[in-house]
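Use the sequences and the hints to build the structure in full.
Residue numbers (my numbering): 1 to 96.
Read the hints as simulated data drawn from the structure, not as lab findings.
Watch out, some of these pointers could steer you wrong.
In silico SDA-like links for lysine to any residue, alpha-carbon gap of 20 Å or less [stated by the list, open to error]: (1) Lys-73 to Phe-29; (2) Lys-73 to Ile-5; (3) Lys-19 to Phe-29; (4) Lys-35 to Ser-54; (5) Lys-35 to Ala-20; (6) Lys-19 to Lys-35; (7) Lys-73 to Ala-4; (8) Lys-35 to Ala-4; (9) Lys-35 to Glu-88; (10) Lys-73 to Ala-46; (11) Lys-35 to Ala-56; (12) Lys-35 to Asp-71; (13) Lys-73 to Ala-52.
From a predicted model like this one, the values you see are computed outputs, not experimental measurements.
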Amino acid sequence: QPGAIQSEWSGVAADNLEKASQGTLYAQFVAPMTKVLRGYTTASPASVVSDAVSRALATTSPRRRYATPFDAKGLIFLHRWMPDWLWERFIVRALA
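This is the structure:
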């Protein structure tokens with residue numbers, strides 16, 4: 001379960017999201033999401049994920065999930081222990 005990973009995808013997704021939402025009811029919600037997508041420039045390199053995949057392939061008893069990088073581990077922990085309503089509020093505030 002990857003967290004924030006550096007790639008060109010986030011910039012492309014942000015650009016397409018802005019273009020597709022212009023003049024629609026969704027336009028007001030786009031700015032926070034594009035801010036998050038463009039913030040992935042400080043994310044972990046893709047090698048973090050490939051290392052986790054390599055470890056999973058090399059072991060005789062792989063785990064069901066490999067959380068990479070560290071931010072994903074923290075989010076999974078929070079999501080596991082927060083009630084759904086609190087988790088949703090947390091996500092909404094993070095995107096605001």
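Right, here's what the structure says about each hint:
| no. | hint | result |
| --- | --- | --- |
| 1 | Lys-73 to Phe-29 | violated, 27 Å |
| 2 | Lys-73 to Ile-5 | holds, 14 Å |
| 3 | Lys-19 to Phe-29 | holds, 13 Å |
| 4 | Lys-35 to Ser-54 | violated, 32 Å |
| 5 | Lys-35 to Ala-20 | holds, 16 Å |
| 6 | Lys-19 to Lys-35 | holds, 15 Å |
| 7 | Lys-73 to Ala-4 | holds, 11 Å |
| 8 | Lys-35 to Ala-4 | holds, 13 Å |
| 9 | Lys-35 to Glu-88 | holds, 18 Å |
| 10 | Lys-73 to Ala-46 | holds, 16 Å |
| 11 | Lys-35 to Ala-56 | violated, 33 Å |
| 12 | Lys-35 to Asp-71 | holds, 18 Å |
| 13 | Lys-73 to Ala-52 | holds, 13 Å |
Checked against the numbered hints given earlier, this structure breaks hints 1, 4 and 11; the rest are met.
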